[in-house]
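K.L.:
In my numbering, the protein residues as written are 2 to 377.
One or more of the hints may lead you astray.
[Stated by the list, open to error] Below 25 Å or equal to it, Euclidean Cα-Cα: the simulated SDA-like pairs (lysine to any residue) are: (1) Lys231 to Met247; (2) Lys231 to Pro250; (3) Lys178 to Asn145; (4) Lys244 to Ala308; (5) Lys244 to Thr216.
Please keep in mind that the hints were generated in silico from the structure rather than gathered at the bench.
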Amino acid sequence: VHAMGLSGRLARRWSDVSRAYLGQQERLSDVVGGASSFSKALRMGLQSGVLGLGAYLVIGGEASPGVIIASSILLGRALAPVDAAIANWRGFLSTRRSYSELAAVMAAFGSQDDPMELPRPQARFAVEQLTVAPPGLTRPTVVNVSFHLSRGAGMAVVGPSGSGKTTLARSLVGVWKPLHGSVRLDGASLDQWNSEHLGAHIGYMPQDVELFDGTVADNISRFRGKTDPKGVLAAARAAGVEKMIMQLPQGFQTRIGEGGAALSAGQRQLVGLARALYGEPFLVVLDEPNSNLDVDGDAALAGAIRAVRQRGGIVIVVAHRPSALANIDQVLVMSNGTVHAFGSREEVLANVLRPSPPVSPRPSSLAPIPGVAGHA
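Using the sequences and the hints given, assemble the complete structure.
P.N.:
So, in structure tokens, the structure goes:
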């Protein structure tokens with residue numbers, strides 16, 4: 002903010018938003034205050050009318066004096082709910098808005114029912130006519146994507162920016178729910194799995210790695226209640242990050258702060274890779290895993306991809322840099338949210354990167370300059 006001179010502009014923006022919010026609060030207070038004043042005036046008028054009518058009936062001998070007191074009490078009881086509703090109207094509106102926001106969040110994450118535990122996936126991963134839109138939107142950014150992968154497969158998802166690669170990656174691991182279609186592990190769609198059980202079979206490294214306040218070991222082990230030292234060490238070795246972690250002040254027990262503030266961008270990415278590999282999940286999805294890696298980090302990433310495939314897992318890599326394709330055998334090309342091409346790496350890259358035929362030069366319409374043609 003300070004480096005790019007945004008302090009003043011952001012402060013003014015915040016001030017404008019704050020003034021708009023305070024203006025809305027003031028208007029709401031005016032409405033509630035006006036309704037409360039009207040309610041009090043109406044109540045006083047009704048009470049005066051009831052008292053006057055009671056007095057008239059008592060004077061005429063048609064009612065006893067106790068009727069006046071009883072009528073006043075009954076009227077107060079009848080109007081009490083109206084007064085309470087007006088006094089708490091602001092809280093009611095706030096509660097209704099909060100409920101709507103919470104319902105939208107819960108709908109985005111789907112049902113939280115506890116389904117039957119399914120066996121560990123070990124054979125197939127299938128995507129069938131998948132159509133996905135970001136939460137809260139109805140316009141899809143991924144449309145009718147289908148592909149099938151078997152154990153040991155490695156697939157790269159490539160395409161220009163905005164083609165739907167990250168949306169696809171998030172839907173493959175169940176972060177975003179599809180509008181249509183399904184994602185299946187060994188024939189079972191992701192919504193048939195318990196979320197915690199499913200998480201043990203999926204490794205996901207997002208484009209922007211988010212680490213949490215805790216130790217390096219806590220983050221790699223996904224904050225399991227009882228850290229498994231062997232599993233953490235195996236994941237760190239698979240990601241090629243063991244040496245880097247051991248150089249930290251307390252090694253695996255080093256606290257990294259909120260968001261991994263104690264680590265560099267490349268270190269956070271490698272720790273995120275180790276977290277994705279923890280527990281040897283069947284499906285590993287890596288979104289731009291080498292965006293902040295140096296040459297050594299690229300080599301560690303290539304080794305991790307190769308190791309996952311060798312043990313029978315499936316790796317899906319969203320990539321821009323060619324180095325991420327070194328240990329991949331299939332490529333899916335995205336364009337405008339749809340599949341532009343899918344097949345073996347050699348076949349797809351040969352077709353996508355096929356050079357265009359040379360364009361024959363047009364004959365010049367200008368007459369040659371005398372004396373130049375003969376000396377060319």
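K.L.:
Are the hints correct? Go through all of them and say.
P.N.:
Hints, verified against the model:
{"no.": "1", "hint": "Lys231 to Met247", "in the structure": "holds (15 Å)"}
{"no.": "2", "hint": "Lys231 to Pro250", "in the structure": "holds (20 Å)"}
{"no.": "3", "hint": "Lys178 to Asn145", "in the structure": "holds (14 Å)"}
{"no.": "4", "hint": "Lys244 to Ala308", "in the structure": "holds (18 Å)"}
{"no.": "5", "hint": "Lys244 to Thr216", "in the structure": "holds (16 Å)"}
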